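Trainee: With the working numbering applied, the sequence shown has no gaps in its numbers, which climb one by one up to 74 at the end.
Keep in mind that a hint or two might mislead.
What the hints assert, rightly or not - Calculated cross-link-like contacts (lysine to any residue; reagent style SDA-like; alpha-carbon spacing at most 20 Å):
hint, residue 1, residue 2
1, Lys28, Val14
2, Lys48, Val37
3, Lys28, Thr15
Treat the hints as calculated values from the structure; they're not laboratory data. Here the structure is a predicted model, which means the values were calculated and not measured.
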Amino acid sequence: MKSDIHPEYVETQVTCTCGAEFTTRSTKSDGVIRADVCSQCHPFYTGKQKILDTGGRVARFEARFGKKLGSPQK
1 MKSDIHPEYV ETQVTCTCGA EFTTRSTKSD GVIRADVCSQ CHPFYTGKQK ILDTGGRVAR
61 FEARFGKKLG SPQK
């Protein structure tokens, strides 16, 4: 086997946007990872659902163009 082909595996500090921090191991050289979601704030793990209303995009589209569903009439 070739030597020195694998990156160094170091302890890495992970910081989430919710404020949670934990330590893991990674090949990332600077030893810091910033995550958007983690197991402490993700809805799958917490059981809480965050319903994001995107400004009623579907309702605006339907108001603008109407509810024209289905195939053309024969």
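Trainee: Check each numbered hint against the structure and report the violated ones by number, ascending.
Mentor: none
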